[in-house]
Amino acid sequence: MTQIPQNVVEPPAEEPGALARGVPGRPLSPLSIAWRNLRKHRLAMVALVVLIIMYLAMLCDGFVAPYPYNAWDRQQAYHPAWNLHVVDAEGRFHLRPFVYVSHYEFDPYRNRIWREDTSRAYPLKLLVRGQTGTMLFGLLKTGVHLYGVQAPARLYLLGADWQGRDILSRIIFGGRVSLTIGIVGTAIAMIIGMIVGGISGYVGGAGDTVLQRICELIMLIPGFYTLMILYNTLPASLTSMQVYFGVVVILAFISWASLARVIRGMVLSVKSSDFVMAARAGGSSPWRVVTRHVLPSTFSYAIVAASLQIPAYILGEAGLSVIGMGVQEPAPTWGNMLQQAKSVTEMTFHPWLLWPGVAIFLTVMAFNFLGDGLRDALDPRTVGLKKE
Amino acid sequence: MIDAAAPLLTVSDLRTWFPIRRGVFSRVHAYVRAVDGVDFTVSRGKTLGLVGESGSGKTTVGRTLLRLIPKTTGQVFFDGQDVMALGSGELRRLRRRMQIVFQDPFGSLNPRMTVGSIITEPMLVHGLYDRRERKRRAAELLERVGLAPEHVNRYPHEFSGGQRQRIGIARALSVQPDFIVCDEPVSALDVSIQGQILNLLSDIQDELGLSYLFIAHNLAVVEQFADDVAVMYLGRIVETASRQDIYAHPTHPYTEALLSAVPIPDPTLERRHVRLAGEVPSPVNPPAGCAFHPRCPLTRKLAQDADVKETTTIFSDSQPVRIMARCTAERPSLRPLADNPAHCHACLMRQ
Amino acid sequence: MGAYIIRRILIALGMLIGASLLGFGVMKLTPGTYFDLLKMNPRISQEHVDQQIARYGLNQPVYVQYLRWLDNLLPFGFKPTESGSYLWVEESPAAGRPAQAPPEDEEEESPPAASEPAEAATQPTQPATLETQPATQTAQATPPAAGAATLAASAPPAGQPAMAKHKFNWPRFKWPNLGESFEHQEPVWDVITRPMLNTLLLNLVAIALTWLVALPLGIYAALNQHKLGDLVLSAISFVGMSLPGFFMALILLWLFAGMSNFLPPGGLRSATYDQMTGWHKLLDVAWHLIIPAIVLTIGGLAGLQRITRGNMLEVLRQQYVTTARAKGLPENRVIYRHALRNAINPLITIFGYELAALFSGAALLEIVLDYPGMGQLMFTAIVSKDEPLVMAGFMLGAILLLLGNLVADLLLAVADPRISYS
Amino acid sequence: MPKAITRALTVLSIVAVLVILWVILRSQTFGAGGVRPEVAGTVPAADYKPIVGTYGGRFVRATVSPPKSFNPVTSAETSTTEYTGYMYLGLTKTNPWTAEVQPELALSWTPDESGLVWTVKLRPGVVWSDGVPFTADDVLFTYDTTYNPKVSSSMRGIISGPKGERWKLEKVDDLTVRFTLFDRNAIFPLLIADSIIPKHTLEAVVKAGRFNEALGTSSSPDEMPVTGPFMFDNYDGSRVILKRNPHFYRLDAAGNRLPYLDEIVTIIVPDIDVQTLKFTSGETDILESVSGKDYPNIVRPREERTKKRPMQTAASRPTGSDFTVYRLGPSFGESFLVLNQNTGTNPKTHQPYVDPRKLAWFRDVRFRQAMSYLMDRKFMADGIYNGLSYPQYGPMSAHPDLPLAEANTVRFEYNLAKARALLAEMGLQDRNGDGWLEDANGLPVEFNLTTNVENEPRAKVAATMAQDMQKVGIHVNFRAMSFNTLITKLDYTYDWEACVMSLTGGPEPAWGADVWKSSGRLHMWFPRQPKPSTKWEVKKDKFFRLFHLWYPLQKKPSTKWEAEIDECFDKGIAELDPVKRKAIYARWQEIIAEQQPFIYTVTPENLMALRNRFGNVFPAPLGGVLHNIEEIYVKQGGSASQAAAQGQR
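Respectively, the protein sequence lines represent chains A, B, C and D. Numbered per the numbering used here, the first sequence spans residues 2 to 389. Numbered per the numbering used here, the second sequence spans residues 6 to 356. Numbered per the numbering used here, the third sequence spans residues 204 to 625. Numbered per the numbering used here, the fourth sequence spans residues -11 to 637.
There may be inaccurate statements among the hints.
As the list claims (entries may be wrong) - Calculated pairs, EDC-like style, for lysine to aspartate or glutamate (alpha carbon to alpha carbon, straight line, at most 16 Å):
hint: 1; chain 1: D; residue 1: Lys138; chain 2: D; residue 2: Glu191
hint: 2; chain 1: B; residue 1: Lys76; chain 2: B; residue 2: Asp109
hint: 3; chain 1: D; residue 1: Lys138; chain 2: C; residue 2: Glu250
hint: 4; chain 1: C; residue 1: Lys242; chain 2: D; residue 2: Asp422
hint: 5; chain 1: D; residue 1: Lys366; chain 2: A; residue 2: Glu217
hint: 6; chain 1: D; residue 1: Lys568; chain 2: D; residue 2: Asp558
hint: 7; chain 1: D; residue 1: Lys151; chain 2: C; residue 2: Glu250
hint: 8; chain 1: D; residue 1: Lys366; chain 2: A; residue 2: Glu91
hint: 9; chain 1: D; residue 1: Lys459; chain 2: D; residue 2: Asp479
hint: 10; chain 1: D; residue 1: Lys459; chain 2: D; residue 2: Asp483
hint: 11; chain 1: D; residue 1: Lys623; chain 2: D; residue 2: Asp310
hint: 12; chain 1: D; residue 1: Lys138; chain 2: C; residue 2: Asp393
hint: 13; chain 1: D; residue 1: Lys151; chain 2: D; residue 2: Asp125
hint: 14; chain 1: D; residue 1: Lys56; chain 2: C; residue 2: Glu250
hint: 15; chain 1: C; residue 1: Lys242; chain 2: D; residue 2: Asp132
hint: 16; chain 1: D; residue 1: Lys156; chain 2: D; residue 2: Asp125
hint: 17; chain 1: B; residue 1: Lys51; chain 2: B; residue 2: Glu228
hint: 18; chain 1: A; residue 1: Lys142; chain 2: D; residue 2: Asp422
hint: 19; chain 1: D; residue 1: Lys56; chain 2: C; residue 2: Glu389
hint: 20; chain 1: D; residue 1: Lys459; chain 2: A; residue 2: Asp74
hint: 21; chain 1: D; residue 1: Lys623; chain 2: C; residue 2: Glu250
Hints are computed from structural coordinates only; laboratory data are not their basis. As the structure is a computational prediction, the values presented were derived from the model and not from experiment.
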């Protein structure tokens, strides 16, 4: 954070010349400097905007998505993607896209042959009234959707799954799990890592040894096997919400140790720094020293580590879900939606089921860019020495 | 209530050893004897200058007596209280009276806190004053150390080194201490700023009647500032005397060597230049007897003097050197000079 | 250095015991056993299931089960007995011998599970009868002196054989083993060797590919910083880093195996493998390795390429490189003799970590791609609760991690003269 | 600015990836060209006329899990029997069309008048694959071993009486064995279909107490003489190779010794999907247990392949139409919903296993019938199996051709209105207008529904019924769990409410005694009852009595149906007269269809695909495609690749 290089020749008169750098009258906190640096990082800003849009969509899922996540229509099972038209059956062009009601029949080889009933077109509308869904993690109910078509027609921008549920709606609702699991998991791991690393580094001695051994033990166990074993220990009677937290805790259990070790290392170096000595000499209690001086110094690392770890959580959850260990149907997560696309038959005949994978890809990439930007913005020297 | 003549701080036989662990079971293999038996006193309202090369343990002394580093053995009495025996609550109360100013103006201020909160933090943790009063005092202190009161809301990185050192001093002063350890407060600063800071410290001392333990690595800084001077070499004090005595009549060869390095403003004066052979030995394995003997210039002299009978030969810089046998066998203790009991030194050859 | 390695190994042993306790404990949190699977088959009797459960000691307390498992692993094991005792073997009271209590204190700590001899008698499981029978036979058939000799040195002098109710069960040499897999009904070692080798094959191929491709690319990118090639590479890196491996695997599988039959859909060898000649066998395996190896390589490539590039740029900025250039050394020599060596040093640690992740790193991919490796094996073992197999995979993974870390540290010391462990 | 370029490039590549994905993911993605494979059904039994084939060739199949053992006595899992079925013969076998018992190693089996003593005449001239003749001693030895307490035999419980009674076997002469049973057993001819093992190699092993480990996967082929058409050759962890038994007893019409095939290679492919790919890419010759979901993929048009890949032998070169898909009618893996009717209490916590409020519903036949009305069997067939499955209403109704199947069972077709009406009759209706049902007390109607995760179609069946239950206003919490966990609940802890399961079935109801009898271990809705408990046992529990006052039963359902089922099974097993037996089991099917303890959903169609290069293929509804494996041969001159394969050998 040092803005003034040490070898700057000082003005002899000791006029606060160095102060001219800041905006007069307003303090330039480390955070605002970081923000200023981050703003220069275009790609990170694009990623940030993309993420903000995604999170907003996730928070307002019931409103943004045209259908609730479990709204099924068995007549429309495996409806292909993109049934919007601008040219009608008579070849006339319409400015407002519209949808026909469609239904399928099996051919002798059990392929679904889709036929559209062109007698009536259902135009795409904004702010339509439809099935009641929930938003803000189920706190609010909404019957109005950002866009949609009138029943009985159904809009399938990204196609439908085996029960005729809209993939796009389910992706938006799936964000409830996939977009939050990284943040919640990192927060848990960070809290544990900070506490353990802080205690271990600051107190030292036998406690340090024991905690370090525990950390090493956690880091020693093979991650993915442990994930699978731990998932199997989750009691069977859990609701999908509880399973979600179970998975978060399991993922955090795997990853807190490496965080704790790095934080311990930073605490060790910060601990012997003069400003910590000064705080102790000033009479601050150990608790105050740790919480006010030592741990905040590790925050910049923590923020970067968090942004770089979030993708790992998203991928971890998705990976577990893909092999059937995760939040179960009918609650959507990007992972368990992909699980349905896992079979080659599904991929060949219903490739639109792979869309949740694209959502994972975009999110992970956005977090990678953001993390990259944050690393540059916060502290290029002390952060990111080791890639996990 | 306490005798004003009694020294404010008495340090006796202080040792700080750091263990070195190695081997399969990481047993303690050896110790770094950073401080190895140090005695001195600091009088009220006076300044003791503690001088030594880097690695001589002077910073460790300063931090050990504030209990920032655990001691190995020894006692420290501050105003009659045994500092080393205090419980955590008493220690905190004592911390109000003993403060420290650090060498590095960049590392000693938490970059994440505003200047105001840095200065008010000691007051806060000691429960001094209310919120508004603390703010007022912070502004006042800033002004006292030569900064503008409105700087309270700024962050350390916006200041220059000298300004930061002033902030460090303001922080030390905020709880109105009686005693401040100044741990090389000016050595990281440009020469032009050094004087300003030293003057500031000196003014504050006059104003508030503080005592200082002033740690420095050369005698030049101490010369204008300290009342008494103690010279450290390899964890031990080799000479202690008043400022005048030490500059006028250095008795320990190490002090002489240090003094010879001090530039003399008066070109008419000439000082014999003593060059020290070799480097400071490792504190892990200090030389037996007088720790200074491998580098001691007196041994050169000894080579010519025939009247010293018991001698032995050592190799210093691969040169065979004859030295007094006692120097390699006996650890010299600090003894007063016969003519000046306030002037002590630890050289076997001169005792 | 030697002391350092010994110290690391001692710590590692402790860690392994900790890891095994952790793994075993976690696994025991789930209810049920592997043999519950059999219960849904009306043609399998309850008695059969019970017998299987007893045979593997799954009806005993968890700590006894753990000791059984641990005992298998030790070269000098204490022979497990069905009564659950490990140090003390219950002697069947031989006729004519006074059964008197021994003076030692330890003897009174009769093992907790030893109070179930009745159950052991009513449900004699196979290994038990096999093991105890010869022992009792020898004890009864031989005269006291010879009997004492078989009890090794602990037995008191012949003449007054103080036969205890329990006798100390001296550790004796045996080959360590990992137990027997429930599902495969075979020694675990036999079950895992082939998947282990398959996993090693896949990972080593992928690591070799990754390094062979990433290092030159990283160096190229660094030397052509900000030029088009560098930019294309970093763009690809970011995309490669963010594409989830399993998703990429699914897409490749679908494109090349599902839609076009161009690449094999999974597994490692064709059914006709053993009809092939040597050259074709090699090609067949290589053909099957393409999809998983590509996915793994792309996953690792992006990160490694970027790190190499970063390190190389860092080194090129150093003063000694400038000095070397200033000396007039040819540019190639500057780059490959001076810069490259120092740029690669930090990568050595990464190599160690890759080594550590050999077993479990590609687990998800193996499952998704149906590659017959450890990940696949462990997945089925975990789901069906084949505990000996799970523990073996778990421990092997842990050992490899420890080894990988140690190798990384040692390699670093070898490569970097500034680091030494003394 | 280079930075700008890198950004532009990254954005461009992301956009490119997205566009490519967009194009690809929009619709079905295979080409329309190529040839579709043929689709065929079963062959009538009358058309079963094998011709004389030619020797040679290998047959490659895939299986899900590796073999655990080749020991037919200790292992009864599919992973063992799919090999031992080819290796060891039983005394009898079942007809693949009619399920009748046919001679195999035994020529005849005749009971005496008491029905307890059966005289079994063995087939003369049968030798083990090592040349040793097969005699009555082998039969005696097999049953001795099965009854040996040190042997963990899967059959012992089934052929022992409740008090440990055993069959007594006597050797009358070398080719005659007399079985003396402890009770009358109508399925005795079926029971002796189990594999006979050789005495001359295994007797010493049994004596040494090592029989449980014998015939393991690491045993050498020499240790395993067999009577079946194929013998064990090699297992290397990923492939099992069975080779031709030169001493197999059957001859073809021309007097050649069967079988024709040289080898059966079974490769272990855990993933069904990859099995499909391996079949369509030509690696395997047969695709067993095809799911209806994958049917369109298997019959989709495929390009004729002309280019030869270096690593593929000519024999395995696939062509678009070189296989036929067989639709064999209903299989036996029916899924059903079962509701927990256990009235017991947990001895540890003294809590009832099932909430008494819910137990009252589950034990009410109207509730179960309402559930049956909620089964959208049409969608289950279409959405999960692409229409390739059969609705099922009773325990055997999907198999109208089975000898003991009774077609005239009650049917509860999908009808939400009738379901609502039945629930309303029970007092479960929407009382506050929120769309969800409440009981008389205003409490919501809710229960937990579960199934196991591993079986995807079953999970989909469960998800579908959960939706319909929600549609009529029942709060149903559906969660799939791992199989082990589920079994623990079903078998030990009994703390479940509703569950979708399926059982390994078969044409003979007597095998299911453990399921249907109230004392059975697999009597899932209330296992191991000391005596049938269909009557309300109100006095047992204080809470229960309290609730009982709140829900007075207007109409008591038939209370003794469980007892009647027990009776059916006890009588059925002892009844040797086929006509009377059929009547007994018809009554059982009627009870189940009406009482709905198992609420059946759909039975998937049994689908298989086989390469066209094999001759003597006579698919049968019960035996599948491979029931006459010894007669199946590789057609000569079928294709050039075939000739190449012959040449290579």
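Violations among the numbered hints, reported as their numbers in ascending order: 2, 4, 5, 8, 9, 10, 12, 13, 14, 15, 21
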